[in-house]
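Colleague: If you want the building blocks of each chain, they are given just below.
Number of protein chains: 4
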Amino acid sequence: MNSALRNAYFIFSHSLNPTSNPNSFPLILSLHSLQSTAVSRLPLRIKRQQQPYRSPRSSSFCSSSSMAGADADAPAASSSVEKQFVDFRAQLEDSGSLRDRIRNVAMEIESSTRLMQASLLLVHQSRLAPEVLEKPKAQVGLLKSLYKRLAEILRESPGLYYRYHGDWRSETQTAVSLLAFIHWLETGELLLHPEAEEKLGLNESDFTLDVEDYLIGICFMSNELPRYVVNQVTVGDYDCPRKVLKFFTDLHAAFRMLNLRNDFLRKKFDGMKYDLRRVEEVYYDVKIRGLSATRD
Amino acid sequence: MNSALRNAYFIFSHSLNPTSNPNSFPLILSLHSLQSTAVSRLPLRIKRQQQPYRSPRSSSFCSSSSMAGADADAPAASSSVEKQFVDFRAQLEDSGSLRDRIRNVAMEIESSTRLMQASLLLVHQSRLAPEVLEKPKAQVGLLKSLYKRLAEILRESPGLYYRYHGDWRSETQTAVSLLAFIHWLETGELLLHPEAEEKLGLNESDFTLDVEDYLIGICFMSNELPRYVVNQVTVGDYDCPRKVLKFFTDLHAAFRMLNLRNDFLRKKFDGMKYDLRRVEEVYYDVKIRGLSATRD
Amino acid sequence: MNSALRNAYFIFSHSLNPTSNPNSFPLILSLHSLQSTAVSRLPLRIKRQQQPYRSPRSSSFCSSSSMAGADADAPAASSSVEKQFVDFRAQLEDSGSLRDRIRNVAMEIESSTRLMQASLLLVHQSRLAPEVLEKPKAQVGLLKSLYKRLAEILRESPGLYYRYHGDWRSETQTAVSLLAFIHWLETGELLLHPEAEEKLGLNESDFTLDVEDYLIGICFMSNELPRYVVNQVTVGDYDCPRKVLKFFTDLHAAFRMLNLRNDFLRKKFDGMKYDLRRVEEVYYDVKIRGLSATRD
Amino acid sequence: MNSALRNAYFIFSHSLNPTSNPNSFPLILSLHSLQSTAVSRLPLRIKRQQQPYRSPRSSSFCSSSSMAGADADAPAASSSVEKQFVDFRAQLEDSGSLRDRIRNVAMEIESSTRLMQASLLLVHQSRLAPEVLEKPKAQVGLLKSLYKRLAEILRESPGLYYRYHGDWRSETQTAVSLLAFIHWLETGELLLHPEAEEKLGLNESDFTLDVEDYLIGICFMSNELPRYVVNQVTVGDYDCPRKVLKFFTDLHAAFRMLNLRNDFLRKKFDGMKYDLRRVEEVYYDVKIRGLSATRD
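These protein sequence lines map, in sequence, to chains Z, P, U and A. Under the UniProt record's numbering, the letters of the first sequence match residues 1 to 296, in that order. Under the UniProt record's numbering, the letters of the second sequence match residues 1 to 296, in that order. Under the UniProt record's numbering, the letters of the third sequence match residues 1 to 296, in that order. Under the UniProt record's numbering, the letters of the fourth sequence match residues 1 to 296, in that order.
Chain Z with its partners taken away, still in its complex shape (with noise of 0.2 Å):
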């Protein structure tokens, strides 16, 4: 949206005389000029009367029955009023803007990671080579540089990490299946939360990857196990569905600790088993074939 519309903002002026006529409401809306802007949150008003808001011998509000204390501080409660809303405009604005800045780095996040993942195809197409997984880690410095950028962003605003979270959390599970997946690829091992922090230059204190981002992220690498375990069969490593499935069920034993609770993480646990089952049955098909024979 355009942020010259966006500061553009209505000063109005309150009736202060209630003996006129009350059905001319006189609301003035005055569009503030859309290039001064930088003076446009300084709480502007028009020059107003100092009359009482309501007349003495209505003390009390909408009653009968007299309620004192409510009318010589009428007008100052009025610019209160006003005030305060200014100053939520300049809020809402700030919040909005912050929210901008986060969402478009975000949209990098997500664009890089949508790069490792082509990349990352190549390794259903072939026996793993090392160089295949060049491409996809050749974007980890830019990841890291993007989450830099977003917890600059968020230091400007300590305490507000959770209030812009659901901006970047999509994008950072799907950041850290693909570099579990990768780091997985070269070292069969986990890639542990400290070290995907590391990876994503999220191992400051102030900024740091929550914990349930992390295993969603897991689960989501958990995911392509069962294609990969395909195709690798197919480009003949019968060894890699053993190796695979003994790496899985540790991992889901490792999950099964965890008391999950009815949630978005609980479910994608709850999915997991399905692709644990359809590594076992590719498990069992090398086996039945006598295909993993060499090794036993």
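Hints were generated in silico from the structure; no laboratory data involved. It is possible that part of the hints are untrue.
A pair counts as met if it fits within one copy or between any two copies, since identical chains are not told apart.
To be verified - Listed below are the simulated DSS-like cross-link pairs for lysine-lysine, each with C-alpha atoms no more than 30 Å apart in a straight line:
(1) Lys246 x Lys137
(2) Lys83 x Lys148
(3) Lys83 x Lys137
(4) Lys287 x Lys273
Position chains P, U and A relative to chain Z; hints supplied.
Modeller: Below, chains P, U and A alone, put in the same frame as chain Z:
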């Protein structure tokens, strides 16, 4: 839930010798004694073989080509996975029980606001007398103490205000709407944000009233105005519509200043115009019949 | 939730003289002291005028014609309404807290079955050894004690078993499926309904295992069979498919006897045929390769 | 469904010799004569071979290690499975036909309440005359007899009230709403729970009116009030809104006492305020036009 049960967990040990028969998966799940909950989060492990995870000749994972560097630390990594999930288990436990505590306070807040709402019904049934507001106002102290408890719970986990915000925000919006309605009945003025914070005891530095929650609460309050004005005219207060309309028009104009996004607040504000229209119609009714003449 | 708060309630008194100004609705809501919860359910009432509810000349309601007999007991009726809602409040409180207690036990049952499930994972990873079943079986005592608590809670409210059935039935179905799986692993036999009841301590006259829950639990168990048979073949037990198929075929035929309605049980049973088919395929695989020959 | 067909069932015989060719499944499905339903629930079984279920040399199940004790009673167990499913078949038949009988009565109740509703439409078309209520009241006797039948059906199955509750509860809620509306038209009073029970013949100890059903019925009744009050004003009864509002305000306040959970009743009650508001608006209309002046 039985916390001893929740704290029970599994310790597993990996098969460390890949040259052993891969048909026997020596993953041993050992259920920790349900009684020893105090110790249960310590990373207990059964004695494990100190052999390397993978043999040197299969250093790369599911690959015919060699990738170095993964073997030396494999046992360490395995043990790290265990440790990590033991830690996660504890962390998820903690955040789960934190959420439970927050929800419990939120439920008490809801219960308290329900009582306020019930006793506020009386303002629709007669001309306003100060004593009618005594009962709902008597809840404010309780509300304040509940928010104090909430603040104390959240103070234990700095920076997590917005992580759990969804667990109490709708209750807070209702509380603001009731406090603002009472304040308006007493003074004819809008309850300002800092005033609302003060009434809820949220005016301390580390636990504040979210501006959007405040604004949504004010929208909720304005939903009550048409009903109030209709009932006040019914009981003979023909000057009420004029006063309410004045207040409402200013409030609506103030909201107009805000650049609202397509979210819940925007939706609530969009509904405000129908309430304003109804108040205008009631004012029209009393004016056209000359019923407000005696007051003016 | 704070029970003092929950027990707080309103006492209201009707305007008893219809000829008085109808603009003043003397409905008085009186918030009972939050401290005196012990007394709070007694039908406290503020002193009320002993005048008839409606004047004799308007004996019918919203009607110009006369309908007799309603006037004499109007005040009594009014007081009955109060009393009735005070009673309802207590009853809804009671049933709400009963439900909470049931849900708490159900959550512990779920937690216990989750532990059983986790330790049962091992049966998929090696040829079955009796000691593998020791861990899941160790939970059975806990389960039994939890069902004993559930039975005690429900014994307080005779005849309400099915009112709250939905609050524990899915946990019970899972428990049955695990017990039946363990029983089958040990004996090769179907866990019978009275045996399941006995294991859960439900074999007393007043709290039994619902037949549909038992049958759904058996369906859940049969979902595990394809995975089990695949993994057993993988670890070299080529005779397993034949035995499982025999058991499964009989079980499926037994279910076929039942005239199932279009409900959850029917849906679960309909899914059983896919599991049966998978076991048949595995048996076919081992037969066609002559792998089961050594056993026969 | 044809009950003869439903009672037809299958008798199956197990293959008792594990050394016979397991590919031939000697499951014998024999369709029992459709005529002999009276005998069909006896656990008929064809004569079966008295050979052991599994051969002594494979005493454990799908396992290389030995587990004792399973063989001796295998034939007995097999026959128990058959017997159990024959029993289940009978039980599911019984509960199915019980449900059919309940549904039949519920449909007659619905038919009767539809007639009441149709004849009650007249109250919206003229000022209330006692004879208008005669037609709907004439259904009450029929309703009572239907509930008597329902009670008799359920008396056969003690403790199963709530098992089948869902099959008649919505009809009961409608019946309560109509009885309460008629009662209110006649007396201006709320039909109390015991009065509703008495009208439905449910005031005996073993079959009662569920409190939530009663309360939902009262909510349904209150949905009729705005329409009624509009139509009464149309036909010239300007005092009706005042009386209805008085009744409705008290009823609403009484409901407010209840601590409703997030369920259907809560949702219905939440909707009540819109009906109350509408009645307030109608009262406002007659007041502002001085139409109720004669009463003041």
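Colleague: Each hint needs a verdict: does it hold in this structure or not?
Modeller: To see whether the hints hold, each was checked on the structure:
1. When the C-alpha separation of Lys246 and Lys137 is checked against a cutoff of 30 Å, the pair qualifies both within a copy, at 25 Å, and between copies, at 25 Å.
2. For a Cα distance limit of 30 Å, the shortest separation of Lys83 from Lys148 across copies, 28 Å, qualifies, whereas the shortest one inside one copy, 36 Å, does not.
3. With identical chains, the CA atoms of Lys83 and Lys137 are at most 30 Å apart between copies only, with a shortest distance of 26 Å across copies and 52 Å within one.
4. Taking the shortest alpha-carbon separations for Lys287 and Lys273, both the intra-copy value of 21 Å and the inter-copy value of 26 Å come in at or below 30 Å.
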